[in-house]
Structures are given as structure tokens and as C-alpha cells.
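Participant: So the sequence lines, in the order shown, correspond to chains A and B.
Under my numbering, residues 73 to 366 are what the first sequence spells out, in order.
Under my numbering, residues 73 to 366 are what the second sequence spells out, in order.
Bear in mind the hints are in silico, worked out from the structure with no lab data behind them.
In this text, all values refer to a predicted model and were calculated from it rather than measured experimentally.
Check each hint, because a few of them may be wrong.
Unchecked claim - Dumping the calculated DSS-like pairs for lysine-lysine here, alpha-carbon to alpha-carbon at most 25 angstroms: (1) A:K236 / A:K355; (2) B:K284 / B:K324; (3) B:K284 / A:K286; (4) A:K286 / A:K236; (5) B:K324 / A:K284; (6) B:K355 / B:K324; (7) B:K324 / A:K324; (8) B:K284 / A:K324.
Stated by the list, open to error - Partner residues are not named here, just some residues of chain B that face chain A (Cβ under 7 angstroms, in silico): (9) G74; (10) W75; (11) D76.
Unchecked claim - Not close to chain B: a few residues of chain A, all C-beta gaps over 12 angstroms, as computed: (12) M73; (13) D76; (14) E160; (15) K287; (16) D291; (17) E306; (18) M358.
Yeah, the Cβ is synthetic: ideal placement off N, Cα and C, and Gly gets one too.
2 protein chains.
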Amino acid sequence: MGWDRNILTDSGGYQVYSLSSNRKINEEGVKFKSHIDGSLHMFTPEYAMQLQRSIGADIIMAFDECTPYPCEYQYAKESMDLTHRWLERCKVYLDNNPSVYEHSQAFFPIVQGSTYKDLRKASAEYIANAGAEGNAIGGLSVGEPADEMYEMTDVVCRILPEDKPRYLMGVGTPVNILENIALGIDMFDCVMPTRNARNGMLFTSQGTINIKNKKWEADFSPIDEMGITFVDKEYTKAYLRHLFAANEYLGKQIATIHNLGFYMWLVREARARIIQGDLAEWKNRMVNQMDTRL
Amino acid sequence: MGWDRNILTDSGGYQVYSLSSNRKINEEGVKFKSHIDGSLHMFTPEYAMQLQRSIGADIIMAFDECTPYPCEYQYAKESMDLTHRWLERCKVYLDNNPSVYEHSQAFFPIVQGSTYKDLRKASAEYIANAGAEGNAIGGLSVGEPADEMYEMTDVVCRILPEDKPRYLMGVGTPVNILENIALGIDMFDCVMPTRNARNGMLFTSQGTINIKNKKWEADFSPIDEMGITFVDKEYTKAYLRHLFAANEYLGKQIATIHNLGFYMWLVREARARIIQGDLAEWKNRMVNQMDTRL
Numbered sequence: 073m074g075w076d077r078n079i080l081t082d083s084g085g086y087q088v089y090s091l092s093s094n095r096k097i098n099e100e101g102v103k104f105k106s107h108i109d110g111s112l113h114m115f116t117p118e119y120a121m122q123l124q125r126s127i128g129a130d131i132i133m134a135f136d137e138c139t140p141y142p143c144e145y146q147y148a149k150e151s152m153d154l155t156h157r158w159l160e161r162c163k164v165y166l167d168n169n170p171s172v173y174e175h176s177q178a179f180f181p182i183v184q185g186s187t188y189k190d191l192r193k194a195s196a197e198y199i200a201n202a203g204a205e206g207n208a209i210g211g212l213s214v215g216e217p218a219d220e221m222y223e224m225t226d227v228v229c230r231i232l233p234e235d236k237p238r239y240l241m242g243v244g245t246p247v248n249i250l251e252n253i254a255l256g257i258d259m260f261d262c263v264m265p266t267r268n269a270r271n272g273m274l275f276t277s278q279g280t281i282n283i284k285n286k287k288w289e290a291d292f293s294p295i296d297e298m299g300i301t302f303v304d305k306e307y308t309k310a311y312l313r314h315l316f317a318a319n320e321y322l323g324k325q326i327a328t329i330h331n332l333g334f335y336m337w338l339v340r341e342a343r344a345r346i347i348q349g350d351l352a353e354w355k356n357r358m359v360n361q362m363d364t365r366l
Numbered sequence: 073m074g075w076d077r078n079i080l081t082d083s084g085g086y087q088v089y090s091l092s093s094n095r096k097i098n099e100e101g102v103k104f105k106s107h108i109d110g111s112l113h114m115f116t117p118e119y120a121m122q123l124q125r126s127i128g129a130d131i132i133m134a135f136d137e138c139t140p141y142p143c144e145y146q147y148a149k150e151s152m153d154l155t156h157r158w159l160e161r162c163k164v165y166l167d168n169n170p171s172v173y174e175h176s177q178a179f180f181p182i183v184q185g186s187t188y189k190d191l192r193k194a195s196a197e198y199i200a201n202a203g204a205e206g207n208a209i210g211g212l213s214v215g216e217p218a219d220e221m222y223e224m225t226d227v228v229c230r231i232l233p234e235d236k237p238r239y240l241m242g243v244g245t246p247v248n249i250l251e252n253i254a255l256g257i258d259m260f261d262c263v264m265p266t267r268n269a270r271n272g273m274l275f276t277s278q279g280t281i282n283i284k285n286k287k288w289e290a291d292f293s294p295i296d297e298m299g300i301t302f303v304d305k306e307y308t309k310a311y312l313r314h315l316f317a318a319n320e321y322l323g324k325q326i327a328t329i330h331n332l333g334f335y336m337w338l339v340r341e342a343r344a345r346i347i348q349g350d351l352a353e354w355k356n357r358m359v360n361q362m363d364t365r366l
């Protein structure tokens, strides 16, 4: 794919969750049926490690089960224990099999435990003890209210080591990102800036814009006065709306470039605020400002 | 749209042809019903001039009727005469109405006459006499065999002034372009490099590639060894095929960048060969080479 920067691969654990109508989980792993061609695939911790090694990603993820929301306590606990047993199998595979490439591939285990504080705490302790180069939090951003997500992140971040990256998987909106950074998260991944862009949603420091809305039809102001990326001042809202109305791919491209630029600005700025020591104040102001539909 | 280079606008004459199920032509102009919202629009030579002036294009086109192929002689003759009368009305409008912008807007009249040599000759003489800054040939590339197109281009190019650009509208394949350059054409416009790219067709100096074809599935050679644009050597055929199979927009982008780069290379090279004096030899070799499905 010609990407010469860092690559992170997921293990398939989330896909087990999101394609759940087509899967069967047991101790050995997950069997699932492709929604594309109906073919059957068996994923195990060992196979997920082998695949990620062969892709050559810089960061590879443990094979876990991501529980749905809501999730009964008993299921969440059993699933968490299974994820922990799978983690041991991932480590054994990685220890006993040679690397495929010369560069190192960092391995991140994943905290689970649904929305139960005691489970999250137990899982975070288990994961912290694994001594990995970085640690991830999974099973959030699956439909739970934001406050529950923050509560879990808070519990877990108090346990995961501060000197290693803490990665919150699948999050989120600009507001979610700032709130979680304030709680100690260092890394995120999310389809939101790109997928929402393709559907005409723009994120800005002043709130979100649905560019398909009729109200932008004759608004010849720049897409975003901030001008973070070249598209922001090059094109008008009216023109971008026209591109979406005419179903021109260029609209999706422009919106995607804008949103990625905005997300990058947001986390660069958060970093600068952490260093300056005024993250909380800035975060509160930004969260307030961005929580608006323009 | 933020395009800071030259712009050429068409007058609507071709749209009259391509949306023919929804139009009525009379001496005054063309009434047509939008296929998008059913609204009725009346286009006249005067209105087409007014619109193109207001857009501010660097080259604006006369309002003409583009006949279909095949076309009966009598209809072709009457239509050609109508196009000539409309040309006079365009000129009167431009002479009697002030410019909208400070920059000049070159006006190109259009030769018609279907596939009849005597009509093409008469039309080319009429158009040449208009003394415009450039001259266009319309009504070709509408389904006629390539040899008939070349025959008409040849007749017309012998009449249109050599020291003004001769513009063949709506053409064409790389082979069509080289053959027409050899007959004296200086300018082209066509959706082919971009539209065909979006459908997975790549033009190369060795022939055309349908990248969706199964035969490229495991071909890890560069898209095009020539390396005219950065995508050509950055991505493999197998990867580009995968993008089309997965319906990823990036596939369309890569193919579009490649095809536009190849078309630009083709005409730059043709220009160099004209200056060197060996166009015919090079053209014959290239036409032979490019007329292949890889």
C-alpha cells in the first residue's frame, strides 16, 4: 500500500464483536463466516500473531474478545478471563517463534471488563503486570454513555503504567478525545474523522457542520477560518455543499483532508497544553465550544 | 472551485445532443427539461454567451447543435445552417454587451456538418471566415467509425487557419489523439482519461489495462514502468486491483492520476516530435503499440 510511516494492526478481536451474528467463540478461538463470500475462518491468538507479524506492523495487538454494551456481569467476567488466557497464548507464540522482519514489532495487550469498575480494575492490573511496551483499553465506545466510558478510562489509567503509552481503542469524537487525554490516554484510533467526512460531517474548533445542510447553500465563507489545512481556505462552504449535492468524489476528499487536519491539530495542541501545564483549562473551554452543531 | 489555471466552458450545444430525449430545438434556441429536477430551461445563443461570460472562462464556445450519428443529409445541412445563424447571434451579443471581467475571453466558433465532406467543407469555410481567435470542430466522436472521424478532421483542418488553435471537441482515446494531431489538431477535451480511470481502465504507452481483471491479482510489478506520475511506481498492479475490488475511492484516485499523467505525457511528447520533425514516424509506432489490451 506504499505507506512508509508507522502501521498499527488490530488482531481481529473487534471484528469478532462487530460481526457477531456470524461468529462462534470458544476457548480455542473464534470461528466466523465472511459476510463477503461466506467462507469460514478460524482465528486463534496464535494465528492473529502470525498474521500481524507477517504484515510487519510496528504495533501489533493482542487477540481479545470485545464485549457488547450492555453486557451482563457474568459474561463480562468470563470474557475478560478468556481475554487474559488468550493474552498468555499470544505471548507464548511471540516468544517461541522467530520475527519475520528485522524491525521490532511492539506488542500491546488489551484491558477488557465491560463497564464494571471491579472488572476493569482487575483487568488493568493483569495487563499492567504483562510488562508490555504499551497498553490498550478495549471494549469501550461500543454504545455506552460517554460518562461511563470516562469512568472506565479513569479507573484503568490509574493502574496502567504512566511511562508507557495508553491506547484507547476506537475513540472518538473531538470531545471524547480531549476528555480521555485529560484522564491519561496517549493514543487513539477511530474511523470518525474519515467516515463522517465522507458523509458530509466536518469537525471544527467551533462545533460540527453538516455541510449537506441547505443553510450552507449560499455561504461563500471559507470551510474553516482556522485554515489548518490548505482546503480550509481554498474552498467555500457553498462549493463544498455543491460537491456533496452533485455526489462528486472531490467533496469527500476535501472533507476528509479537513477532518484529519483538524484531529491532528487537536492532539498537537493538547500536547502543547500538557507541556505548558494548562491542559484542563483549555480542554474545558474547547469541549464546551466543540459541543455544538453549527 | 479554486482552480487558478485556464478554464474553457462549453455552450450547452453538446448537452442538447446528449440529453436529446428531453429537448426541443427551434430557430430561437433549445428548450430542455432537466433530468435532475424536471425544471424547464430555455437556452439561446445570447443566453449561452451571457452565462459563459459570467463564469469568466478564458475560452468560451459558440452555441451550436451537435448532430447525432448517423444523421440524414438533409437534417445535417439544416442543422449546420442553424449553427451558422446562431454563431452570428453569439457574435452580435458579444459585440453589443460589455465584458463582465477585466481579462479577455477568447470566443471559438464550431464547425458542424456531420460526416458529409461537402457540409464539413462549407462549414469550415464559414467558420474560418468568422476570424475568431481559435476554431473548434464539433459533432464528431458521437459514435462514427474512427476512419470517418479522421476523414472529417482532415477536410476541416485543410481549411481552418494554421496559425490559430484547432480544437477537436470530445476526443478521445490516445490513438484518436495522435491521429488527429497528425492531421493538424491542437486542442482536445475528453472525459475518457478520468471516467475510464474511475472504471478501472488505465492507458499506457504499451496499451490499455483493465485493472479489475483477475490476471493482475498477484502481479506485484509497478502500475506503469514508465513512471510518469508518482503513483506509477509507488503502487503495484495487485494493490490497485485490490482497491477496485474493495471499492476503495483511493483506487479511482490513483487510476485518475495515472491516466491524466499519461495523457499529458502523450501530448507533450507529440509536441516535441513535431518540433523535431519526426511526428509521423513516432505516431505510427505509438498507435501500433497502444492499440492493445494488456
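Participant: Evaluate each hint against the coordinates.
Facilitator: A quick look at each hint next to the structure:
At roughly 23 angstroms between alpha-carbon atoms, A:K236 and A:K355 fall within 25 angstroms of each other, so this suggested pair holds. Distance hint between B:K284 and B:K324 is fulfilled; the C-alpha atoms sit about 12 angstroms from each other, no more than 25 angstroms. Under the criterion of a C-alpha separation no larger than 25 angstroms, the hint pairing B:K284 with A:K286 is inconsistent with the structure, at around 38 angstroms. Simply put, A:K286 and A:K236 have alpha-carbon atoms about 47 angstroms apart, too far for the 25 angstroms limit, and the pair is violated.
Restraint check for B:K324 and A:K284: satisfied, since their Cα atoms lie roughly 23 angstroms apart, inside the 25 angstroms limit. About 29 angstroms separates the Cα atoms of B:K355 and B:K324, which puts this hinted pair outside 25 angstroms; it is violated. This hinted pair checks out: B:K324 and A:K324 have alpha carbons roughly 13 angstroms apart, not beyond 25 angstroms. A threshold of 25 angstroms between alpha carbons decides the hint, and for B:K284 with A:K324 the separation of about 23 angstroms falls inside it, so the pair holds.
Annotation: B:G74 was flagged as interfacial toward chain A, and the flag holds, the nearest CB pair being 5 angstroms apart, inside 7 angstroms. With a least beta-carbon distance of about 10 angstroms to chain A, the hint placing B:W75 at the interface is violated under the 7 angstroms criterion. Given hint, B:D76 at the interface with chain A, is violated; its Cβ is 10 angstroms from that chain's nearest Cβ, farther than 7 angstroms. Remark: the non-interface label on A:M73 conflicts with the geometry, its nearest Cβ contact in chain B lying 6 angstroms away (cut-off 12 angstroms).
The claim that A:D76 lies off the interface is violated: its Cβ sits roughly 10 angstroms from the closest Cβ of chain B, which falls inside the 12 angstroms cut-off. Its beta-carbon lying about 34 angstroms from the closest one in chain B, A:E160 satisfies the requirement of being farther than 12 angstroms from that chain. Under the 12 angstroms C-beta cut-off, the non-interface status given to A:K287 relative to chain B holds; the minimum distance is some 20 angstroms. No beta-carbon of chain B is positioned within 12 angstroms of the beta-carbon of A:D291; the least distance is around 16 angstroms.
Non-interface status of A:E306 relative to chain B is broken: a Cβ of that chain comes within 12 angstroms, the nearest being about 5 angstroms off. Look at A:M358: its CB is around 29 angstroms from the nearest CB on chain B, clear of 12 angstroms, so calling it non-interface holds up.
Against the hints set out earlier in the document, violations occur for numbers 3, 4, 6, 10, 11, 12, 13, 17.
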